[in-house]
Structure formats: structure tokens, C-alpha cells
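The listed protein sequences correspond, in order, to chains A and B.
Letter 85 of the first sequence, counting from 1, is numbered 85 in UniProt numbering, and no numbers are missing.
Letter 77 of the second sequence, counting from 1, is numbered 77 in UniProt numbering, and no numbers are missing.
It is worth saying that the hints were derived from the structure and are not from the lab.
Check each hint, because a few of them may be wrong.
It does not matter which identical chain is meant; a pair holds if it fits inside one copy or across any two.
The calculated lysine to aspartate or glutamate pairs, modelled on EDC-like cross-linking and capped at a C-alpha distance of 16 Å, are [what the hints assert, rightly or not]: (1) K121 x D447; (2) K528 x D129; (3) K420 x E255; (4) K50 x E70; (5) K50 x E486; (6) K561 x E501; (7) K128 x D525; (8) K50 x D259; (9) K499 x E439; (10) K102 x E83; (11) K557 x D394; (12) K536 x D410; (13) K102 x D447; (14) K102 x D64; (15) K561 x D256; (16) K444 x E321; (17) K420 x E217; (18) K345 x D259; (19) K323 x D562; (20) K128 x D394; (21) K451 x D477.
There are 2 protein chains.
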Amino acid sequence: MALRMSTLFLRTLRENPADAELPGHQLLVRAGYVRRVAPGIYTWLPLGMKVLNKVESIIREEMDRIGSQEVRFPALLPREPYEATGRWTEYGDSLFRLKDRKDADMMLGPTHEEMFCLAVKDMYSSYKDLPLSLYQVQNKYRDEARPRAGILRGREFIMKDSYSFDIDQAGLQKAYDAHREAYIRIFNRLGFEYVIVHADSGAMGGSASEEFLAVNENGEDTFVRDEHGYAANVEAVVVPQAAPVEVTAGAAHVEDTPDTPTIETLVAALNRDHARTDGREWTGADTLKNVLVVLVHPDGTREPLAIGLPGDREVDAKRLEVKVAPAEVEPFEEKDFAAYPMLAKGYIGPGVLGSEQSSTIRYLLDPSIAEGSAWVTGADEHGKHVIDLVHGRDFTADGTIQAGEIRAGDVSPDGTGTLKLARGIEMGHIFQLGTKYAEALGLKVLDENGKLVTVTMGSYGVGVTRAVGVIAEDNNDQYGLIWPREIAPADVHVVVASKDESVFVRAEEIVRGLEAQDVEVLYDDRPKVSPGVKFKDAELIGVPTILVIGKGLADGKVEIKDRRSGERREVPVDEAVAQLVAEVAAS
Amino acid sequence: MALRMSTLFLRTLRENPADAELPGHQLLVRAGYVRRVAPGIYTWLPLGMKVLNKVESIIREEMDRIGSQEVRFPALLPREPYEATGRWTEYGDSLFRLKDRKDADMMLGPTHEEMFCLAVKDMYSSYKDLPLSLYQVQNKYRDEARPRAGILRGREFIMKDSYSFDIDQAGLQKAYDAHREAYIRIFNRLGFEYVIVHADSGAMGGSASEEFLAVNENGEDTFVRDEHGYAANVEAVVVPQAAPVEVTAGAAHVEDTPDTPTIETLVAALNRDHARTDGREWTGADTLKNVLVVLVHPDGTREPLAIGLPGDREVDAKRLEVKVAPAEVEPFEEKDFAAYPMLAKGYIGPGVLGSEQSSTIRYLLDPSIAEGSAWVTGADEHGKHVIDLVHGRDFTADGTIQAGEIRAGDVSPDGTGTLKLARGIEMGHIFQLGTKYAEALGLKVLDENGKLVTVTMGSYGVGVTRAVGVIAEDNNDQYGLIWPREIAPADVHVVVASKDESVFVRAEEIVRGLEAQDVEVLYDDRPKVSPGVKFKDAELIGVPTILVIGKGLADGKVEIKDRRSGERREVPVDEAVAQLVAEVAAS
Numbered sequence: 001m002a003l004r005m006s007t008l009f010l011r012t013l014r015e016n017p018a019d020a021e022l023p024g025h026q027l028l029v030r031a032g033y034v035r036r037v038a039p040g041i042y043t044w045l046p047l048g049m050k051v052l053n054k055v056e057s058i059i060r061e062e063m064d065r066i067g068s069q070e071v072r073f074p075a076l077l078p079r080e081p082y083e084a085t086g087r088w089t090e091y092g093d094s095l096f097r098l099k100d101r102k103d104a105d106m107m108l109g110p111t112h113e114e115m116f117c118l119a120v121k122d123m124y125s126s127y128k129d130l131p132l133s134l135y136q137v138q139n140k141y142r143d144e145a146r147p148r149a150g151i152l153r154g155r156e157f158i159m160k161d162s163y164s165f166d167i168d169q170a171g172l173q174k175a176y177d178a179h180r181e182a183y184i185r186i187f188n189r190l191g192f193e194y195v196i197v198h199a200d201s202g203a204m205g206g207s208a209s210e211e212f213l214a215v216n217e218n219g220e221d222t223f224v225r226d227e228h229g230y231a232a233n234v235e236a237v238v239v240p241q242a243a244p245v246e247v248t249a250g251a252a253h254v255e256d257t258p259d260t261p262t263i264e265t266l267v268a269a270l271n272r273d274h275a276r277t278d279g280r281e282w283t284g285a286d287t288l289k290n291v292l293v294v295l296v297h298p299d300g301t302r303e304p305l306a307i308g309l310p311g312d313r314e315v316d317a318k319r320l321e322v323k324v325a326p327a328e329v330e331p332f333e334e335k336d337f338a339a340y341p342m343l344a345k346g347y348i349g350p351g352v353l354g355s356e357q358s359s360t361i362r363y364l365l366d367p368s369i370a371e372g373s374a375w376v377t378g379a380d381e382h383g384k385h386v387i388d389l390v391h392g393r394d395f396t397a398d399g400t401i402q403a404g405e406i407r408a409g410d411v412s413p414d415g416t417g418t419l420k421l422a423r424g425i426e427m428g429h430i431f432q433l434g435t436k437y438a439e440a441l442g443l444k445v446l447d448e449n450g451k452l453v454t455v456t457m458g459s460y461g462v463g464v465t466r467a468v469g470v471i472a473e474d475n476n477d478q479y480g481l482i483w484p485r486e487i488a489p490a491d492v493h494v495v496v497a498s499k500d501e502s503v504f505v506r507a508e509e510i511v512r513g514l515e516a517q518d519v520e521v522l523y524d525d526r527p528k529v530s531p532g533v534k535f536k537d538a539e540l541i542g543v544p545t546i547l548v549i550g551k552g553l554a555d556g557k558v559e560i561k562d563r564r565s566g567e568r569r570e571v572p573v574d575e576a577v578a579q580l581v582a583e584v585a586a587s
Numbered sequence: 001m002a003l004r005m006s007t008l009f010l011r012t013l014r015e016n017p018a019d020a021e022l023p024g025h026q027l028l029v030r031a032g033y034v035r036r037v038a039p040g041i042y043t044w045l046p047l048g049m050k051v052l053n054k055v056e057s058i059i060r061e062e063m064d065r066i067g068s069q070e071v072r073f074p075a076l077l078p079r080e081p082y083e084a085t086g087r088w089t090e091y092g093d094s095l096f097r098l099k100d101r102k103d104a105d106m107m108l109g110p111t112h113e114e115m116f117c118l119a120v121k122d123m124y125s126s127y128k129d130l131p132l133s134l135y136q137v138q139n140k141y142r143d144e145a146r147p148r149a150g151i152l153r154g155r156e157f158i159m160k161d162s163y164s165f166d167i168d169q170a171g172l173q174k175a176y177d178a179h180r181e182a183y184i185r186i187f188n189r190l191g192f193e194y195v196i197v198h199a200d201s202g203a204m205g206g207s208a209s210e211e212f213l214a215v216n217e218n219g220e221d222t223f224v225r226d227e228h229g230y231a232a233n234v235e236a237v238v239v240p241q242a243a244p245v246e247v248t249a250g251a252a253h254v255e256d257t258p259d260t261p262t263i264e265t266l267v268a269a270l271n272r273d274h275a276r277t278d279g280r281e282w283t284g285a286d287t288l289k290n291v292l293v294v295l296v297h298p299d300g301t302r303e304p305l306a307i308g309l310p311g312d313r314e315v316d317a318k319r320l321e322v323k324v325a326p327a328e329v330e331p332f333e334e335k336d337f338a339a340y341p342m343l344a345k346g347y348i349g350p351g352v353l354g355s356e357q358s359s360t361i362r363y364l365l366d367p368s369i370a371e372g373s374a375w376v377t378g379a380d381e382h383g384k385h386v387i388d389l390v391h392g393r394d395f396t397a398d399g400t401i402q403a404g405e406i407r408a409g410d411v412s413p414d415g416t417g418t419l420k421l422a423r424g425i426e427m428g429h430i431f432q433l434g435t436k437y438a439e440a441l442g443l444k445v446l447d448e449n450g451k452l453v454t455v456t457m458g459s460y461g462v463g464v465t466r467a468v469g470v471i472a473e474d475n476n477d478q479y480g481l482i483w484p485r486e487i488a489p490a491d492v493h494v495v496v497a498s499k500d501e502s503v504f505v506r507a508e509e510i511v512r513g514l515e516a517q518d519v520e521v522l523y524d525d526r527p528k529v530s531p532g533v534k535f536k537d538a539e540l541i542g543v544p545t546i547l548v549i550g551k552g553l554a555d556g557k558v559e560i561k562d563r564r565s566g567e568r569r570e571v572p573v574d575e576a577v578a579q580l581v582a583e584v585a586a587s
């Protein structure tokens, strides 16, 4: 049945909503697809439901195709299974927790590894029952610190999550590959540009994992690519450990470097007061910067951490976050300095850092810091730095950490390519979890020899509501949205550009003709709205094909307009239905 | 695509689950449709999803047919709108409340009047925008004190809820009637026996409301019917106020009635020691029983309440509950008696009851207590009753209350029929809310004269997951479930009753033949499972038609069995597909 604008629950807005920054988000609100209820919490209006249902259908079709079976677990969950895996605590503030009337701890599920694992444990007991792949399309809950960009990062959102269960790694690999193929088909059909990148498994645990990122300059994720096909989320880039170098520097010497609390001021002072004998200029890359942060562990304990890296690089907050998860990162503040008087702010060096040194603060180095290399770094006294401090000879650390920023032009991890950076939005994530959850929850089956073996799991997610958001970001222009046909709220937007009753009568016939051939119609049948407003609304709403029935009707003509290209053509009114049917079928 | 038992996520159980009492619930668990996660919280397994999806489709079709538009509101909601209508407090313990990371109060929506009202307020402003009808199919949350009977009364459950918006009562009546018709179509298609009864609007507010009750002896609701078509939930039965009668009794007199704290002992003592002069026996119906309870208001205050009714009737707890909602009813306990020393337990009479009397306890009478009628009732002294106490002459009350039990054989409220009682399960509820919510939240639109008028609303609900439960309760036998075809997980259950490879080959052909004609197949292709187990599973799962391919195949025969009637017939294997297609189409 045609959607009729005269009765459709819709009020298009000419102004952008105050809280929407991204163009797709602005347009989804202005065109009446979604409506904000609270931060990160949205209502889907009738047009939005049409799009959402189509996205869900595509995902279900492709999941069914790989033999995954649809189930639906509750969103409201008991605490115990998540306690068993540690995630009740690890999720920190991002987990919505509540108590029921009997004071039992409950939570809103952010992801369901535990629940699926327990269901399989309850029902299955033999290798013969495997492989198994289950999925659900369901509301998920995460109390994001910064819900943003409308439905791109909500606190209540729809995910397709699936879980595979296999007896061994070969089986898991097969399930993983099947999901990878299914995701490729899903994202191809959804019609946005994406890239598959190596990902960090983060708090989820497990070994291999890849992300499907929608390429988008406003994305929160940064990824790298090189000319040989390597692609990874920056979070997952592993900078190779620099090979040891021969020590060529003389003995380390402390020098006065007054008023040099930053790398910039230090480099200037070095070149002015401590010029190198070989004439080379000092640069930030010659300095060893020591960055302090505080890790807040899930149990609330605070642990300071020092990171040493070349002075011309910053610590990448997201790389650091995934490396220290489930701990959260907070700034090292004045009160923390007060607790560690040996730290001379602006002049901190390895002399006091490390679990064996006076501060006892854990000290981790960037892997680019080669053993044998010499550095200018803080001398742990205000206004003083030490020159020619050699790693391995003059200082050591507690280990390394992959938290330094990755820059365009960096060499690829395998040493053969050059990295380019771009931004993306995480649309899908596939994980080889291995036995982490099965072990914690005791999911074992009997193998062929009657021996109990722990089941190996995979976990796979697609952001469903987020996909609608990404498609909107990718498909719009200054006038409004431009939906790909497979997920558009309708195939044809019929606009009556007239207030003449007879034109409406003819339009009704055409609408019925289209319906009879299963063409989905959005019909602007509003009797007292001007053609100008109707055209603007049609552009804003973004149905791929627009049929205008107006003054040309007197000459037996109507106009078909392609929303994306803007192309218009007049066709005889009697051929309109046939031409539209053909156009819908062809695209 | 056929569901294959060899890979289907299913483990049928021979034993009833310990926590399941009703036969349908037991079978849904045993046959692998649902699985309990926590009290009142269930997972839907693959077979359950098939049934659930069909029920949802029927509901969507019928809602679309009356022009209601599908939307989806969040389940996680802010407190403020529910604060504005008072329901944040009124819901008491049955509301799941939680706080987000910023300490904001949030809740899981039990029903969405407030949210829909606000959305319409935000988007619409004129009478021209109305009428409007919106619906959603969505998870709802209620922290039931006694979650019971599996999916019949869950704490997380799916509801179809819809809301109508009109400019006046005539519009609301039309929307209400349309919903009523839609519900009749829905419940007819779902295929269980139901009755439409007058209902109490209870905490929801508003005027007219009706319930669709599935007739079921295990139901929690009791309803009455008479021979003239009157039907009502007992909660909603309005006992007519008895007309005043002429006073014929002499002056009231207090008599010693030692050891008569109950109606039974009192009646015996009266007949023994205080026989009436006209020879009539005293019965419980001659006595006025005064029942004390404590109302706990949403703000926590406790208010005692006294109810006077004929001694042969009890207070009906559910009738009382809906009359005093949102207050909850608690027993009047020893500590309460201690606080009111004028109450002589077992001998309490109107002498101390009422806001004007010494106890100041509010005193409400059953409407059957006619003005002018004479009663034996407590004399407010241990071991004493008063005889010939006349209502209106010797005592008054603060009002009346419809809380007395309704019994089979009672006269219908209109005085023309005789009531029968039966039990049912609430499957749908339609409410004329009127302006209660629109007023509280300021939903007004301009009318034809440019005057602001408050919108009038209706609210309508169908229990979706509960419907699956009711259908299961209504359609089963000692062997298992028996699904009506329109909502069965498949049309045909194909059983290979053989371990012979060639039989499987032939079965595969038949399954493909059925699939090609859009017949939904559940295919028991398990190679090493005995025919006996397969037959048992087929009966348990309850697909309406069972095709057995076994030893008859040698003679070119297969067997078609009707699950409900048990009828079997042999058909030539070459005709099996055609006959099954015809059978599915016919039913």
C-alpha cells in the first residue's frame, strides 16, 4: 500500500536540528526518519522503519544463506554469567546496571557471548552437534560516555550479533570465513564504501579479528592502508620492534636547559646552546618524551603509567585505550604530581621511571626506541636534560607498548609499503574468540574419542541502526538524502504538482497501477500544499525516483526525475507505469 | 529453505521442566521453542522465532489494514515524561528503574503513552494533522511480583501497542472501533477462543475500555457472562446500588454473642440464642461484615480502609486492587490493630468506622447494602453484636466501593440476566484514554476556529509473546503441541523413517519439490535417529501435517498424517508433493 503524505506521520524541517553535526544525521532528522528522545536514544518514525526493515531483511537473508539460525535472547539479563567472565566489572560505566524488585543485579546486554555460550552448553553435548551458528537482530545497550552523531553511536541501538561454535580451530576458521563472505555481501548490498581492516580484539578477547569500516571522513576510527593491500585499524597496527643498534654515543651528560618544558622549547635550546659537533640540527625525533597517564582499573584502583616515545610523536589515545583495556585512561593531574615528588614536570626522564626506580611507576617504551640508541631526555630536575642517554646502557624500561601515533608516510609493519591514513566508521566486526568464553563458562563437548574438549567460539556483529546512519552520511547532497534503491523507503515518490482535482484522479490511477506491479510508492497527495514545498520534500526524503504529475498532464505528459543524477525526462502519461516498473527492476 | 533437524538448534526434552506448570508452557520448553534465562525472561529458539514472526506478521497486517503506521520507540526511556503523568511513582515496584553514567534517572518502558504523546506534540499542531494512529511491536518491561507460566506473564515481553490521536470523542470512538475490529481479525486468525469483555481502565485512566480474554481455565482473570450477551471482567462489574427500602426493623439492640469472631460462629449463635420472631433462620447474608485492609499509596503513606459487605460475601482482592490503584493493598495486621484500640477484632462495627467516627478510618459499603436495611454487625466490644442496625438510620459510611466478590448466579448489572463465571487470559486491551495524558503533557492542536484544544487519545495493546503462549495452551494433547497452520513453524514435517540411503535421496527430492512450491518444511534428516524418536519429536513439535517416508516407499507409498486429528493416509510417492501442496493451500 502506498504511503500517503496526507496521512503519513511526518513533519519535515527546513532547519537543521541544533544537536546534529553530520549531514546525514541532520537530514535523517529533518526528513522525519528518526527523532531524538534522549542522548543516544532515538525513535524510528514510519519512513525510518521502512529503511530499517529493509536493512534488517538484507542482513537476515545473508545470515540465513550461511546457515546461521535466528534466535532472540533477552536484552534484560542476569548478572551471574557476566560475573563469571569478568565483564560485569570490566564494562565499567558503559554497562547499564539495575536491580529488580527482589534486589537481584541485572543488566542490559551490550553483547551476548555469555548467554549464547550458556544456551549451547545447556542443549548440546557432543561434537556431532557442531558446527553451529546462531544470530539475533536485537536492541543492544551501551552507556556511551559521548553518544554522538545520532544513530551512529547510540546508547540503545540494534545489532545483528552472531556466534559460532566449533570443535576446533579449523572449524572456527571456516565459520569466520563464512561470516566474512556474508558481511561482504551485506555491505555490498547496503551500497557504501567500506574497507576490511585488521582489528584489535580489545576487551572482547580472542585472537584474529577484522573490522568492516565504512570509509568516512567524520568517522571515529582511523585506519591505515598501504600500496600492497595491507589495511588495519590504527588501533591494531603493530609497529615492529626496532632492531638493536651499535652504541656510538659517548657518556651521557646532564646539561642546563632552562625553560624547556616542551619538546619545541627543548629543541630550540639544544640547537642554540648544545649544537652537535657533526652539525646536524637537533629535532624532536632526537628526544625521548615521557608521557604520564593514570589507568583506572575496573575495580576502581588507579595506577600511573609512563610511556616513552620519540618527542616528535604523540601518544594515540585510542591505541593506548585498546592496549590497556579494560582499564580506562585518565590524565595525570597536579594531585598525581604531588604524590610523586620525584617527577619534575616538563623534565621527567627514565632516571626515575620504571618499577625498579624511585617512582616505581611502570614505564613502557615505544617499540621504535632501539636498544643502543641515544636520546635527549629529562634529567628529573627542573631546567635540566640529559644528552646521549642510551637505551639499554643508561636506562631500561618495564616493556614496550603499541600506543604511539601512526602517521601517513610511516613504513608498513612488514617493512615493504608506505602507510596512508583515512577515517572510517565501524560497521562490522568479526572475532575469532577461541575458548575464552567457553572456558570461563564451562562449555565443553565430547569429541570423537569420548574426551571432553572446550568448544571454540567466534563472535560477529553488524551495527544495524548504525548502517542506516552510514548510508545516510554517504548518500546525500545539499537538497537531502539519496537512498540506494534496495533500502529506500519507497521506489517512487509520486508528486502531484497541481491543485486540480482531475490531476489527483489521474495520479491515483497511476499509483494504483504501480502498486499492482509491486512498486512501492510514496504518494504526495496533500491537496493544499504548493508544488514548491512538495518538490523540496521529495528531494529531502530522497526516494530514488520521483514522478511529477502536473501541468504537463494537459498534453498527456508526466515527468520522471532521477533523484541522484537530477536527470528529468518527460514521458507520455500512459507509459509512466511501464517505464517506472522497468526502471525499478533495472536498478 | 527447509529447516533441517540435523542442524537445527534444538534439543527436545522427554521430561517436563521443573518450573513449568501449564501444559502449553511445558511443551514449548520441551519442544525447544523457548528457554528460560531468568524468572519471567526467556530466549526464543529457532522454532520459537518462526512462530513469533508469524504472529507478529498477522498483527502487523491487521494494524496496517486500519491505517495505523508502524514506528519504534526506545525501550530505555528518560524519567521526566513519566514524572509528568505521575506514573514514574505510580508504577511502584513493577517499573524497572536505573541510572545512567551521569546519574540521570531512566526506566524500561512498560507502555508508551507518554512518549507517543510527546512525539505527536512535537510534530503536529493542527486538527488537520488528525486523526492519527501509530503502533509499534517492541519489547516491554514489567517487574512482575510473580512472573508465571513462562511467556504468559514475563518481565521482558513483546507487545504491539498502538495509540490514536483525535480532535474529539467522535474521532476517538472511530479509532477505538477500528482497533476493536482489527483485534477481532487478529484473534480470529490466531485461532484461539476469546471473549470481549468490559474492563476496568484501572491505573491507565480514561473511560471506556474492553479486554480480549482468551478463555482458559488457568487464566489469571475471571470474567462473567450472561445469557443476553453481557460480558465483563469481574474487575469491571458494577453492582447496582440497591434502592432504599422502608425501615421495618425496631430499635437496634446490642446482644451478648460470646466467642463469635467469624460469620459462621455468629450465625450459629444468633440462631441458638437470638432466634427471630418470624421463624426465619439467620444466615450470613443478614450480617454486615467489616473488613479492614491497609492501602499503601505510591508515596509510601499507609492508609487503613474498612469495607462493609454482607457476611456471606468476601472482598474480591482483584476488584479491590483496581478500585484503589495506584495504591497497593496490604493486610491489616496486629500492629495496625494496636494503633487503633477502638477496633475490637472480630466484633468491629460501623459504630467506630468512618472518617467521622472515633477510628477516623475511611469506611466504604458494598452497593448491595440498601438504605433502610437492617443488619447484625459488630458492637465494637468483644463478644457483642448489635442487631437491627439500620443503614441510614443507625449508621452511615463514607461512600461505596465495588470490591465485593461476584458469584455465579448473581443477577447481571442490568437486572435482566444471570451471571456465569469463567477464567481467561488477557490478550488484548483497548482503552479510550481521553485527554488524561494529552493534558498532563500539553498536547494541544488548533481546531477549525483557531482555538487550542486538547487532543483525545486511545491506547491499544496486544500481548505478542503471550499470544504464542496462549495458542500453545489451547492447542496441545498428551503427545505435544498442535499448531494452527497460520502460525505453525512449518507446514509439513517430513520424517525419514529409515536408515537407508536411498530413502533419504527420495526424501530430499520431495523436500525440494515442496520448497519449490513455497511449502515450509521441517525436515527430519537425522541419519542415525530411530523412527520412534523421530515420530515422538514430530508429535511434540506439532507441525500440522506430517509426511512419513519409510518402508512403504518400496511399494511406492508414503504416509501423510494430520497432527490434530491423528488421521493417516497412504499416498503414492509421486503424488505426495501435489497432495501436500493442496492440503496446505486448503487449510
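So, going through the hints one by one against the coordinates:
For the identical chains of this complex, K121 and D447 are intra-copy neighbours only, at 14 Å inside a copy versus 61 Å across copies, given an alpha-carbon limit of 16 Å. For the identical chains of this complex, K528 and D129 are inter-copy neighbours only, at 13 Å across copies versus 63 Å inside a copy, given an alpha-carbon limit of 16 Å. For the identical chains of this complex, K420 and E255 are neighbours neither inside a copy (39 Å) nor across copies (102 Å), given an alpha-carbon limit of 16 Å. In this assembly of identical chains, the alpha carbons of K50 and E70 lie at most 16 Å apart only when taken from different copies (9 Å versus 21 Å within one copy).
For the identical chains of this complex, K50 and E486 are intra-copy neighbours only, at 11 Å inside a copy versus 25 Å across copies, given an alpha-carbon limit of 16 Å. Taking identical chains as interchangeable, the C-alpha atoms of K561 and E501 are never at most 16 Å apart, the minima being 23 Å within one chain and 59 Å between chains. In this assembly of identical chains, the alpha carbons of K128 and D525 lie at most 16 Å apart only when taken from different copies (14 Å versus 59 Å within one copy). For a Cα distance limit of 16 Å, the shortest separation of K50 from D259 qualifies neither inside one copy, at 63 Å, nor across copies, at 72 Å.
In this homomeric assembly, K499 and E439 never come within 16 Å of each other (Cα to Cα): the closest approach is 70 Å inside a single copy and 37 Å across copies. For the homomeric pair K102 and E83, neither the shortest alpha-carbon distance inside one copy (19 Å) nor that between copies (23 Å) is at most 16 Å. Taking the shortest Cα distances, K557 and D394 never come within 16 Å of each other, neither inside one copy (86 Å) nor across copies (89 Å). Proximity of K536 to D410 under the C-alpha cut-off of 16 Å is found in neither arrangement, the shortest distances being 47 Å within a copy and 66 Å between copies.
Taking CA atoms no more than 16 Å apart as the test, K102 paired with D447 passes in neither setting, with 41 Å inside one copy and 49 Å between copies. Within a single copy, K102 and D64 get their C-alpha atoms no closer than 40 Å, and across copies no closer than 40 Å, so neither meets the 16 Å cut-off. Taking identical chains as interchangeable, the C-alpha atoms of K561 and D256 are never at most 16 Å apart, the minima being 74 Å within one chain and 97 Å between chains. Taking identical chains as interchangeable, the C-alpha atoms of K444 and E321 are never at most 16 Å apart, the minima being 33 Å within one chain and 49 Å between chains.
Taking the shortest Cα distances, K420 and E217 sit within 16 Å of each other inside one copy (14 Å), while across copies they are farther apart (70 Å). Only within a single protomer do K345 and D259 lie at most 16 Å apart by alpha-carbon distance; the minimum there is 11 Å, versus 89 Å between protomers. In the homo-oligomer, the alpha carbons of K323 and D562 never lie at most 16 Å apart, since the shortest distance is 48 Å inside one protomer and 61 Å across protomers. With identical chains, the CA atoms of K128 and D394 are never at most 16 Å apart, being 59 Å at best within one copy and 82 Å at best between copies.
For the identical chains of this complex, K451 and D477 are neighbours neither inside a copy (61 Å) nor across copies (40 Å), given an alpha-carbon limit of 16 Å.
In this structure, the earlier hints numbered 3, 6, 8, 9, 10, 11, 12, 13, 14, 15, 16, 19, 20 and 21 are contradicted, and the remaining ones agree with it.
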